[in-house]
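**Student:** Those protein sequence lines, which keep their order, are chains A and B.
In this text, residue positions in the first sequence follow our numbering: the first is -12, and each later residue adds one.
In this text, residue positions in the second sequence follow our numbering: the first is -5, and each later residue adds one.
Among the hints, a few may not be true.
List of simulated lysine-lysine pairs, DSS-like, C-alpha gap at most 30 Å [what the hints assert, rightly or not]:
no., chain 1, residue 1, chain 2, residue 2
1, B, LYS105, A, LYS7
2, B, LYS51, A, LYS66
3, A, LYS543, B, LYS7
4, B, LYS51, A, LYS789
5, A, LYS549, A, LYS66
6, A, LYS365, B, LYS38
7, A, LYS7, A, LYS365
To give an idea of the chain A side of the interface with chain B (calculated C-beta under 8 Å), a few residues [unchecked claim]:
no., residue
8, LEU8
9, TYR10
10, LEU47
11, ASP56
Hints in this document: simulated from the structure, not taken from any laboratory.
Note that the coordinates shown come from a computational prediction; the quantities given were computed from them, not determined experimentally.
Virtual Cβ for every residue (Gly too), placed ideally from N, Cα, C.
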Amino acid sequence: MSFASRIYRRLAQAFPHEFKLVYGTEVLQLGEDVVEQTARRYGAAGLVRLIADIAIRVPLEHLSEMRRDMRYAWRSLIKSPGFALVGILSMGIGMGLTTMVYNSKWQLISRELPAAENARRLVMPEKPVSYYYIEQYRDQKSLFTGVAAFQTGIPFNVTFQGDVNVKPQRIFGQLVSADYFSVLGVPPQRGRMLSAALDKPRDAPVVVVSDRFWRNRLNSSPNAVGQTLRLNGQPATIVGVAPKDFNGALSIYPAELFVPITAPVALAPELANDVLHQRNAREFLAMMCLAPGVTMESAEAALDAVTRHLDEQDPSAPVPADKGRRVTLLLAGTMVPLPRNLKLVVTGFYLALMALIMAIACMNLANMLLARGANRRKELSIRLAVGASRFRLVRQMMTEGILLSLLGGIAGFALAYLISVLNSQFTMPTAVPTERVPTPDWHVAIFVFALAIVCGIGFSLAPALRATKGDMTPGLKQGSALQLPGYMRFGLRNLLMVAQVTGSLMLLLITGFLVLGISQVSSIQTRFDSHAMYLLSIDPVREGYTPEKAQALFEKLPQQLKTVGAVSSVVMAAQAPFSIQDEDAAIQLTAEDSPGASRVRISAIEETVGAGYFAALSEPMLAGREFVELDQRSQADGSQALPAVLNQSAARGFFGNGNAIGKRIRDDKQSYEVVGVVQDLKSGIGMSQSIVYVPLTQRNFARPPADGMTIMVRSDAGTDVLAGIRSQIASMDPNLTIFDARTLSDYLELSRSSERFALNTYGGIGVFGLVLAAIGLAGLTAYAVAQRRKEIGIRIALGARKAQVLRLVLREGTALVSIGTVLGFLGAFAMAKILSSLISVFVESFKVATNDPRLLLGAPLLLAALAMLACYLPARRAAQIDPLRALREE
Amino acid sequence: MTKIDSQAFLPLKTQWFHIMLSLAGGEQHGYGIMQEVLQRTTGKVRLWPATLYGSIKRLIDAELIEESDERPAPELDDARRRYYRLTSLGRRVLDAECERLQELVHAIRVKQSMVTE
């Protein structure tokens, strides 16, 4: 019983201060009065009720106090709308940008594959391997519960049941092994998924469709399962619909169709040449589900040993130049698979960016709250004097901060939503469509909410504590006019100020580097009028052509198209010129006869181009020759060396400044002889990479790449030849679908649109930092001036001139701005160094931009000028203080 | 002061109703209210201390009851305790609630008689 009353007393202490003040003793008293009676009457259960009653009541009382605080805070914000507006805007912009970064980037690397039960245990080797290897991996039962093979970004020409006359649609999907869905742990939404037991070679072809396909293209038909589609002209029965939101592994390239690798070659030309049984055909990605208890490290080590063993058994495998790991496992349970260490780096970068933006916005908030606290010192003193607890006042002020932050969060969410909607209007002209940035959903809303709460609490606590600190009597006696704490050189306020200038300058410089770098690097100049080149694609193999027939068509095509008036040249290539290749597409190439014992190995992009490619682009050969028609007829079966053209970067990478012509290089399938060198052609987004140009061969005609064969038609300037080309192709085969037809200039415009959007975003972030810093500085100086109003009045009364007053006020601001500028400068350079060492995409743009005097001088000057202006405006007001009024104000 | 509509408080929460009913006879302190409710309901309704004072606080905030400065006769007075009484608004609200409940009881009676017949 005494135990119960002890608990009761303890709990009674936990009531909010105001409640305790009025009812505390009585609650205690009553509790003690009834405890005995209760025990007698109801026994232990009664005591439990008694304790439970007070235990529930305590948080309820706190909640109701909080509600009152909220109401109070709301009223006080409404009373000072300027303060509220600036606060909400700055928090809103900060949170909006953070949310945008979170939504577009963070989620790509952190959100798990939807509907995949095994998402946390999925890993995949970085490099594609042959199907034979995957079969061997599958035998490692102690490591993996399953290993599936797949190819992603596979186009299918789809004809829907019933509409025979409509041209087929080009839809992207994946070729998957039958165990794919069971390895991922993806259950069917309708029908069944593929399974090794049911889907055997030479069965009637089947296909699983994604939820998106089912909704958008089959109108969510309940009878979808059992329907027949024609894929590349071949019938295939839909056996199942994948669950909602599941767009395949690596869903950055969303797949709508999942075709088993048991499908006939006519349906999936990717499977031609008996690719499943060729040890060397490294064309499949492996998706592995780790067995319980197996770590990624041990799996990687074991897999490496297996692979090494397999490589040694295979005489035709290339001799690896280094002794390093042959297998690198990636975490595959997210939209973008990443190696562990890179994941840390990328995560770190985005975290740092988000933290920097948020820190600036929050420091602004803290600054404003600090100034506001000082102005309300009198009110606070009175409330403390009449019995409010300090805790209560701190809570009250924090509530205000949290409310501001929450309102800012709402504004921020709206901003992020707007940005993502705008952003979704840009699509990159990549060969395989990429997943768009998702519009913010409830995940993001929770993120914003949590962010708002944390920031609101974190950055209003210190100002609130400071405002209620120490002896309040002077505040009570003299009002807010005279506070002479001297110059608080290292005060919280000055620290905030320096931090803010530093942060803003860092943000401005980093984004400035990016903007300048990207815009300088990405300006592509063609040596001719890019309106005079037309790009179009056809894909005859996926429309039922046999390889032989397709090759005959491609051989005939250039001659035929040249008969169209005003056409000056026709060239074919496996990809559009200046095409966007991400670095993942880079492959390792080895120089076969480089000087010295060690072989030079570089990673480069391979582009497959036809005869006369460089002439059509008006690019002169720096050395040697370019491809001719004869090269197009050679066999790419590894038996003989094919000719190759290097760009300057690749030539330098392999052979230094020596002569490259006649030298040999090889990739994992084929050996090449260098016949020519050209200048670096940038990609659509301005990256220059090492590129090895290899010739189009019969193999490419028989099995064109995902975006079909690109036909480049150069015409005399000013003539639209597209209609002529269309009718010419139609005369050869009226059923052939022409897609992606546009001028080179349109194509380049399109590839830069998202780049331009990125520029605007980065620029926006930089300007945002600048504006926030200015607001913060102005607020701070105004606060300082308000605090020293009386002192300044006395000085003027004693004969100080305006200039002297101005100097007095500006002196402090100038010192802080200078310190912040220096720190910000150093910080930005450090960050640029770190970033470019971590992320190779940034290297080039940082290299260009960190030497640009416009930015190096301009950014600090701009910031300093704005900062000084922000200090000057309140300072001028200080100089105009009427001494009489200032002194009378008591 | 604008006159607050007593209907806005109806129906009253059970605890509120019992506390206000106890105060209908005159001012009373917390312990007294608790005892009275217990006796009146023959032990069916028990106001636990924290709930009691939580409700009292809200009733005061709503201006339905107030602290009384009149103390009972010195020999009955418990100096440590605070006394509460109904405000005029509280009285009106209590009346309105009682009326509402009576109507309810009446309606129930009518129904019952129809069933038993």
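**Student:** The structure should be examined with respect to each hint, and the outcome stated for every one.
**Tutor:** Right, here's what the structure says about each hint:
This hinted pair does not check out: LYS105 (chain B) and LYS7 (chain A) have alpha carbons roughly 49 Å apart, beyond 30 Å. With a C-alpha separation of about 29 Å, the suggested pair LYS51 (chain B) and LYS66 (chain A) falls inside the 30 Å cut-off, and the hint holds. Pair hint LYS543 (chain A) plus LYS7 (chain B) does not hold up; C-alpha atoms about 90 Å apart against a cutoff of 30 Å. Using a Cα cut-off of 30 Å, the hinted pair LYS51 (chain B) and LYS789 (chain A) is violated, with the two alpha carbons roughly 57 Å apart.
Distance restraint check for LYS549 (chain A) and LYS66 (chain A): the Cα-Cα separation of roughly 76 Å exceeds the 30 Å cut-off, and the hinted pair is therefore not satisfied. A C-alpha spacing of about 52 Å is found between LYS365 (chain A) and LYS38 (chain B), which places the hinted pair above 30 Å, so the restraint is violated. For the given pair, LYS7 (chain A) sits about 25 Å from LYS365 (chain A) by alpha-carbon distance, which is consistent with the 30 Å threshold. This hint is violated: LEU8 (chain A) has a C-beta 11 Å from the nearest C-beta of chain B, more than the 8 Å allowed.
Interface restraint check for TYR10 (chain A): the shortest CB-CB distance to chain B comes to about 4 Å, inside 8 Å, so the restraint holds. A cut of 8 Å between beta carbons decides the hint on LEU47 (chain A): the least distance to chain B is about 7 Å, and the hint holds. This hint is violated: ASP56 (chain A) has a C-beta 15 Å from the nearest C-beta of chain B, more than the 8 Å allowed.
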